[in-house]
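Whole structure, please, built from the sequences with the hints as guidance.
Chains as they are written, first to last, in this note's numbering: chain A, 1272 to 1405; chain B, 1272 to 1405; chain C, 1272 to 1405; chain D, 1272 to 1405; chain E, 1272 to 1405; chain F, 1272 to 1405.
Possibly wrong hints are sitting among the right ones.
[To be verified] Mimicking DSS-like on lysine-lysine, the simulated pairs with C-alpha atoms at most 25 angstroms apart in a straight line are: (1) K1366/B x K1337/A; (2) K1288/F x K1364/E; (3) K1337/C x K1337/D; (4) K1337/D x K1364/C; (5) K1325/C x K1337/C; (6) K1288/F x K1337/E; (7) K1337/A x K1337/B; (8) K1337/A x K1364/B; (9) K1325/B x K1325/D; (10) K1366/C x K1337/D; (11) K1337/E x K1366/F; (12) K1366/E x K1325/F; (13) K1288/B x K1364/A; (14) K1337/C x K1364/D.
Hints are computed from structural coordinates only; laboratory data are not their basis.
Protein chains: 6
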Amino acid sequence: MATITPPAAPEENPRVKAVFDDIRATRGTDFINNVWRYLAFDPALLESVWSEVKAVMATPSAIDPKTKEMIYVAVSIANGCGYCTHSHTAAAKAKGMTPEEHADLLRVVGTASRLNALLGAMDVPVDPAFQADG
Amino acid sequence: MATITPPAAPEENPRVKAVFDDIRATRGTDFINNVWRYLAFDPALLESVWSEVKAVMATPSAIDPKTKEMIYVAVSIANGCGYCTHSHTAAAKAKGMTPEEHADLLRVVGTASRLNALLGAMDVPVDPAFQADG
Amino acid sequence: MATITPPAAPEENPRVKAVFDDIRATRGTDFINNVWRYLAFDPALLESVWSEVKAVMATPSAIDPKTKEMIYVAVSIANGCGYCTHSHTAAAKAKGMTPEEHADLLRVVGTASRLNALLGAMDVPVDPAFQADG
Amino acid sequence: MATITPPAAPEENPRVKAVFDDIRATRGTDFINNVWRYLAFDPALLESVWSEVKAVMATPSAIDPKTKEMIYVAVSIANGCGYCTHSHTAAAKAKGMTPEEHADLLRVVGTASRLNALLGAMDVPVDPAFQADG
Amino acid sequence: MATITPPAAPEENPRVKAVFDDIRATRGTDFINNVWRYLAFDPALLESVWSEVKAVMATPSAIDPKTKEMIYVAVSIANGCGYCTHSHTAAAKAKGMTPEEHADLLRVVGTASRLNALLGAMDVPVDPAFQADG
Amino acid sequence: MATITPPAAPEENPRVKAVFDDIRATRGTDFINNVWRYLAFDPALLESVWSEVKAVMATPSAIDPKTKEMIYVAVSIANGCGYCTHSHTAAAKAKGMTPEEHADLLRVVGTASRLNALLGAMDVPVDPAFQADG
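Here it is, written out as structure tokens:
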């Protein structure tokens, strides 16, 4: 299953090997999951994607790593990406998301989706108080 | 602009007044934003929606209130609900979201959306390690 | 507002005039709403779209006309098309949708959207009983 | 396949058993489909979701039960929820949806989706006549 | 897997046989892929869909056939249709899409999706210069 | 209208000025459209986004610039981003998209969206012939 043929021996390509090595070092594990194995069909795309994911998800920033994974899961659910929902739910758990937080995340995602639909149905004008640019 | 005619004097209906009173008490403000004014066209729907929003967003739970608002914003962006993005961005700011956290939220939402698309494009099989039900 | 420049005098083009005449005759009104005025920028596309809309929405079929408009509204909400939600909500009302049915429609759309999100979040396997092809 | 580990013996939890009993009584069948078995990982979420689904889908209201299932299917298709499309197509059939109505439902969903895209492409202004709030 | 039971011997229906014959003649192959085998459950819907696909995708027009397939893939990714992404990626390859073009297509789709999300997050007003209707 | 307050004098920030200068040089115009003016609220995000857009859209690659803009438009329509649809339709026109190509683009986007919905409705299994990874 896939629209892409992943390379059989991706690390024979030195650009792919460099990315895989950086993934392993950044994450502290030998496990390279499928998204990277398939993206290896185009080393430049692999580099660009990993570079962005590393900068956004694996670099200290204003939001803590566990919460960033939970936000990532929320977006992936709304966008209907099954792979992403699976991989980042696993990442959130690995970073400490408890079953109670997981249930709470689903609660917020479900409620937001219901309200998103109701607002789309009614097409309510945005209150002036919510406009940040005056 | 709207597909619904909001009642001109919604609080003449005692069921609507009870919900509006609870919104004001729960939020500690007199401001009733448009979503509630339009939902008032059907008091039963208004009660059901407010009851869920109060239980999920305004009741202490595993995730803190500011983070819940940020997750709500992430879902609303992905679902394309402009009203919801505006109202819950304002709510997140009111609950302490800093400009740095706001920028970080956008960063995660943007990167997740890019990856969601790439995974949909390749249709990569989910790694067995990500399956929670064995 | 638009990415298309609608023709200033669309009915000077005989293909556009023929479609507009058929819209007026089919609907029993002189009102031509904006979607047709903008689609007139390309008469062949206008003909193709009107032909399909007429066959599906304005021709007797297994589902009654009012219900078809309500299904159309449900899809348009989920797809985030504000114009379509407005125009087909108006059409459903014109075909007899009551305020109670409108509220009920929103209730179903909101609940389905909440469940759609929760199922995407959990990625639950489809029960074999639901498979129609054995 | 799933991001959630469903409880092995869900009905040992009395809150889950109460919901499952109500599902069986409401639907007149012993069959509990997977969505409820997985939601049982969090009894409070299970209760909240079933309570809403029962109130909206299994309680007499302005729209008849079969039509509500068909609207639910339409939303689920547009939101890309495979599980929901399967389960509510089965429910619609159980409530009397004929093959002709099923084909007609697909016809409306397909045409609406085509038009939703075309309107998004052109970004046509909403006709004033379609505005319900003056 | 499917919500539809495809006919076991679809070509016993002369309307289905006529469409299948036209698919084979238009494409120069005996292969009839699953979408047509399942749509055959309703010959009128099959005819309508094939007629549109033939007119849009298999008839010479302003955009060349390979590019039309790539645009079709882009839409299918964004709409989350796995089947469509697979079948039209295969069609694009059959019409000459190189691995470099495939990677470039994914690059554009990924970047557009990231920006689509960021613009939705910020809800930036459209510049007057981009309005085609004055 | 916006959830972000754009800086009043963005180019007083040297990082923002450097990006704006590069946009002007790359595009050969003094016009800086709103997306960049709003993204300037966070110079690091602005740099990251422009860097990716420049690399993907303004750097010679396997697909020609006009076609990349048209693919970008297709994705933006499907994702419901009005701003993006407007700005990249304008960009495609600036790079030579004719009215006939514009109409053809809409035709493909509309047809793909109709089929995307129908496939989601039927949940047809992917033909083995379309699997690229064996």
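Is K1337/D close enough to K1364/C, meaning Cα to Cα at most 25 angstroms? 20 angstroms, holds
Pairwise hint evaluation, K1337/A against K1366/B, where the allowed Cα distance is 25 angstroms at most: It holds: about 19 angstroms lies between the C-alpha atoms, which stays within 25 angstroms.
Would you check the hint for K1337/A and K1337/B, treating anything up to 25 angstroms between C-alpha atoms as holding? 15 angstroms, holds
Is K1288/B close enough to K1364/A, meaning Cα to Cα at most 25 angstroms? Since the Cα atoms of K1288/B and K1364/A sit roughly 43 angstroms apart, the hinted pair is violated (cutoff 25 angstroms).
Between the alpha carbons of K1337/C and K1364/D, is the straight-line distance 25 angstroms or under? 20 angstroms, holds
Would the hint linking K1366/E and K1325/F be met if the CA-CA limit is 25 angstroms? 29 angstroms, violated
CA of K1366/C to CA of K1337/D, is that 25 angstroms or under? 19 angstroms, holds
Between K1325/C and K1337/C, does the CA-CA distance stay at or below 25 angstroms? Roughly 14 angstroms between the alpha carbons, so the hint for K1325/C and K1337/C holds.
With a cut-off of 25 angstroms on the C-alpha distance, tell me whether K1325/B and K1325/D pass. Within the cut-off at roughly 20 angstroms; holds.
Measure nothing beyond the straight line between the CA atoms of K1288/F and K1364/E; if it is 25 angstroms or shorter, mark the hint as holding. At roughly 43 angstroms apart (the allowed maximum being 25 angstroms), K1364/E and K1288/F break the hint.
Does K1337/E lie within 25 angstroms of K1288/F when you go C-alpha to C-alpha? Violated, because 40 angstroms separates the two Cα atoms, which is more than 25 angstroms.
Does the structure keep K1337/C and K1337/D at a Cα separation of 25 angstroms or less? 15 angstroms, holds
Comparing the model with each earlier hint shows violations of hints 2, 6, 12, 13; every other hint is respected.
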